[in-house]
Every structure is written in structure tokens, then in C-alpha cells.
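Taking the hints into account, I'd like the entire structure generated from these sequences.
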Amino acid sequence: MIIDETDRRIIEETQSGLPLVPEPYGHIAAALGLEESDVIERLSAMQARGVIRRIAVAPNHYALGMTANGMTVWDVQDDAAEQLGAKVGALDFVSHCYLRPRALPDWPYNLFAMVHGTTRTEVGEKREAIAALLGPACRAGTILYSTRILKKTGLRLARKGKH
Amino acid sequence: MKRAVCDIDAIDSRIINALQEGFPLSTRPYRDAATQFGIKEDELIARLARLKKEGAVTRFGPFYNADAMGGAFCLCAMEVPKDRFDTVAGIVNALPQVAHNYERDHRLNMWFVLATEAPEGIEAAAETIEAETGICVFRFPKLKEFFIGFKVAA
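As given, the protein sequences belong to chains A and B, one line each in that order.
Quick note: the first sequence uses my numbering, first residue 1, plus one each step.
Quick note: the second sequence uses my numbering, first residue 1001, plus one each step.
Rather than coming from a laboratory, the hints here were simulated on the basis of the structure.
Some clues are possibly wrong.
The calculated lysine to any residue pairs, modelled on SDA-like cross-linking and capped at a C-alpha distance of 25 Å, are [what the hints assert, rightly or not]: (1) A:K152 <-> B:T1128; (2) B:K1142 <-> A:P108; (3) A:K151 <-> B:K1040; (4) B:K1142 <-> A:G50; (5) A:K151 <-> B:T1128; (6) A:K152 <-> B:K1040; (7) B:K1144 <-> A:A48; (8) B:K1142 <-> A:R54; (9) B:K1053 <-> A:W107; (10) B:K1142 <-> A:W107; (11) B:K1144 <-> A:A132; (12) A:K152 <-> B:E1021; (13) B:K1053 <-> B:N1017; (14) B:K1040 <-> A:V21; (15) A:K151 <-> B:G1055; (16) B:K1144 <-> A:Y145; (17) A:K151 <-> B:K1052.
Listed next, with one range per pair, are the computed distances between beta-carbon atoms [to be verified]: (18) A:A31 <-> B:D1042: 15 to 23 Å; (19) B:T1087 <-> A:A31: 36 to 44 Å; (20) A:A45 <-> B:R1084: 42 to 50 Å; (21) A:R102 <-> B:A1049: 44 to 52 Å; (22) B:A1049 <-> A:D106: 44 to 52 Å; (23) B:A1049 <-> A:D38: 25 to 33 Å; (24) B:K1040 <-> A:T121: 36 to 44 Å; (25) A:P136 <-> B:K1040: 52 to 60 Å; (26) B:N1065 <-> A:A31: 17 to 25 Å; (27) A:R49 <-> B:S1026: 48 to 56 Å; (28) A:P108 <-> B:S1026: 31 to 39 Å.
Note that CB positions come from ideal geometry on N, CA and C, so glycine has one too.
Structure (C-alpha cells):
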């Protein structure tokens, strides 16, 4: 999944968003001194290689009324964790689902699933649904609500030579 | 917290729901995408601009996979004493490697994501935070990611 220098310039040019003009790829091409067809081909190739997950809108959960967001965490038996993680990730109210290392004795949980809803009651019910799905392979779980956003900038690719 | 609800109409909802799936790679992609909503190219552009401005849409464009670019992500957590919380948040947020940071209601009360171009950058950033704050940074790198079909119904 290597990217070359031209791919990198396209990424830098688009990581804050696609231009809202009738020919956005042509606009990017003009800014970089490329042909529009090169930009489209490269974006398409990056999508095929998984460098780009998709070209899409990211809705703001909060602004759309999904103000309750909880990080559910679970201590799932290692031999069942991958299979159960895939099932939890497939739930339509789970936006992110990861297996992570425990940090014993402070942190016994290895499966993380972000759950979204309009109220904490709704999120709580969804958490119960995850608990039921995990069954006896899950030894413990809890939920951490975010009480404040302290920073949110997303990933930014540093400009070359300015690390 | 951000404000609770944006004022969106039925067409906005359809745009948000449909364009979470993807967007055309063509010369006139807004024109091509607009037809499914029964609107013209310029109206789709205007609506997307307004949805971004009003905050209903956080971002519109390519979503890059940091792993594929040779980058690295790591979820981290700290147990920060209440009386030092804002000072520590300032130190953590000052690092450009910190992509986002949340206060959460747990003994581990500060949760942030480090995003760096090279894997070794994660360890360097975590060590910097530990040195500057004197607080242990728990590292929770992902071992496996489960791909999801999550969509926000607008």
C-alpha cells in the first residue's frame, strides 16, 4: 500500500475536504499541475488499494441529535475475542470496534465498541444488547461516556520536511 | 458539547444518508450525484456547503486510511488528578500528534488518540507526555479492527 510523491501531494490537497466546485478533481489537478484524469485515476487506485476508505460525508453525530456516545469496553476471553468482535462490529449502532491489549491490573478490557444514540437510556439498551451477544465469554464490561471534547482535529499528514 | 440539533430538511437527510456510502470519481461528480436527489448540481454544492457551515457534516471528501499511508494510530489513556486536569489537557493538546482528546467519566479520565506518520512516533509522543506531566500514559494500540457498516440516519 505504498503511496508515491504525487499521491502524497493529492492527499495533502484533499485531506481537509473535496473542493465544492463543479469540477473538483479538475480543480485539484490545476492546483497541483496535473491532468484531471491523473487525479481521478490516482484517487481511484488509492481507493482500490485501501489507502482511501471511501469518498464520503462524515455526519456530525452531535449536530444530528445523537448526543449520547458511549465507549463500551469488555473483557472477552482471548480465544473467542476475534469471532465475537466481528459480530459486535456488525451491529448497526457500533461505529468503531477494536481489539486492544489489556493493561492489567488497571485495565482488564480488551474489546472496545463505540455506541451512539440519542439518549443515554438508548445507549444503555444497546450496551445490554452487546452484553447479550457476547454471552458467557465476556467476564466484565463497563461504559465510559465522554463528558467533554478536549480536542478534535483528526489526522493531518505533516508537510514534508516539517515534522 | 456541540449544539444538539441542526435544521435540516428531507433532501438534506437524503444527501447525508446517501453520501455516507460514497461519491463519484467523475469529471462532474456533483452533477452525477445530484440526480438521485432530484436536484441540480449547483444546489447539491450549495447544500453541502451549508451543511458543513452549520455543522451537520463534519467533513466531506476522501477518508484516508492512516495505516495504508504507513502511519500509526494509538488510543491512549491517563489518570489525571482533578486539580491538574486543565493543565494536563493543555500539555497533551499542544502536541500535534494528538488527533483528538476526550474527558471521560472513569478513573482513567483522559482519552486521546495519537496519530503519527511513522510507528516510532507514537512511542516518542507518549514518552514526551509522560515526561512533561509525570503521569503514566496507558497505550492501547489496536490489535484488530472490525469493519463496520455504521451509518448515521439523518
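Structure-based check of all given hints:
1. A:K152 <-> B:T1128: The given pair, whose Cα atoms are some 20 Å apart, holds under the 25 Å limit.
2. B:K1142 <-> A:P108: Distance of about 15 Å is within 25 Å: holds.
3. A:K151 <-> B:K1040: Distance of about 37 Å is beyond 25 Å: violated.
4. B:K1142 <-> A:G50: Answer holds: K1142 of chain B to G50 of chain A is near 18 Å, not above 25 Å.
5. A:K151 <-> B:T1128: Holds. K151 of chain A to T1128 of chain B sits at ~18 Å (cutoff 25 Å).
6. A:K152 <-> B:K1040: violated, 33 Å
7. B:K1144 <-> A:A48: Given that 25 Å is the threshold and the Cα spacing comes to 21 Å, the pair holds.
8. B:K1142 <-> A:R54: The given pair, whose Cα atoms are some 21 Å apart, holds under the 25 Å limit.
9. B:K1053 <-> A:W107: violated, 40 Å
10. B:K1142 <-> A:W107: With Cα atoms ~15 Å apart, K1142 of chain B and W107 of chain A stay inside 25 Å; holds.
11. B:K1144 <-> A:A132: holds, 22 Å
12. A:K152 <-> B:E1021: holds, 23 Å
13. B:K1053 <-> B:N1017: Distance of about 18 Å is within 25 Å: holds.
14. B:K1040 <-> A:V21: holds, 13 Å
15. A:K151 <-> B:G1055: holds, 16 Å
16. B:K1144 <-> A:Y145: Holds - the C-alpha atoms of Y145 of chain A and K1144 of chain B are around 23 Å apart, at most 25 Å.
17. A:K151 <-> B:K1052: With Cα atoms ~19 Å apart, K151 of chain A and K1052 of chain B stay inside 25 Å; holds.
18. A:A31 <-> B:D1042: 15 to 23 Å: Given about 22 Å between the Cβ atoms, the range holds.
19. B:T1087 <-> A:A31: 36 to 44 Å: For T1087 of chain B and A31 of chain A the Cβ distance comes to about 41 Å; the hint holds.
20. A:A45 <-> B:R1084: 42 to 50 Å: Hint holds: Cβ distance 48 Å, inside 42 to 50 Å.
21. A:R102 <-> B:A1049: 44 to 52 Å: holds, 45 Å
22. B:A1049 <-> A:D106: 44 to 52 Å: Roughly 46 Å apart at Cβ, these two residues keep to the hinted range, so it holds.
23. B:A1049 <-> A:D38: 25 to 33 Å: holds, 26 Å
24. B:K1040 <-> A:T121: 36 to 44 Å: Holds: the Cβ-Cβ distance is about 42 Å, inside 36 to 44 Å.
25. A:P136 <-> B:K1040: 52 to 60 Å: Distance hint for P136 of chain A, K1040 of chain B holds at roughly 57 Å.
26. B:N1065 <-> A:A31: 17 to 25 Å: At roughly 23 Å between Cβ atoms, A31 of chain A and N1065 of chain B fall inside 17 to 25 Å, so the hint holds.
27. A:R49 <-> B:S1026: 48 to 56 Å: violated, 20 Å
28. A:P108 <-> B:S1026: 31 to 39 Å: violated, 50 Å
When the structure is compared with the earlier hints, violations turn up for hints 3, 6, 9, 27, 28 and for no others.
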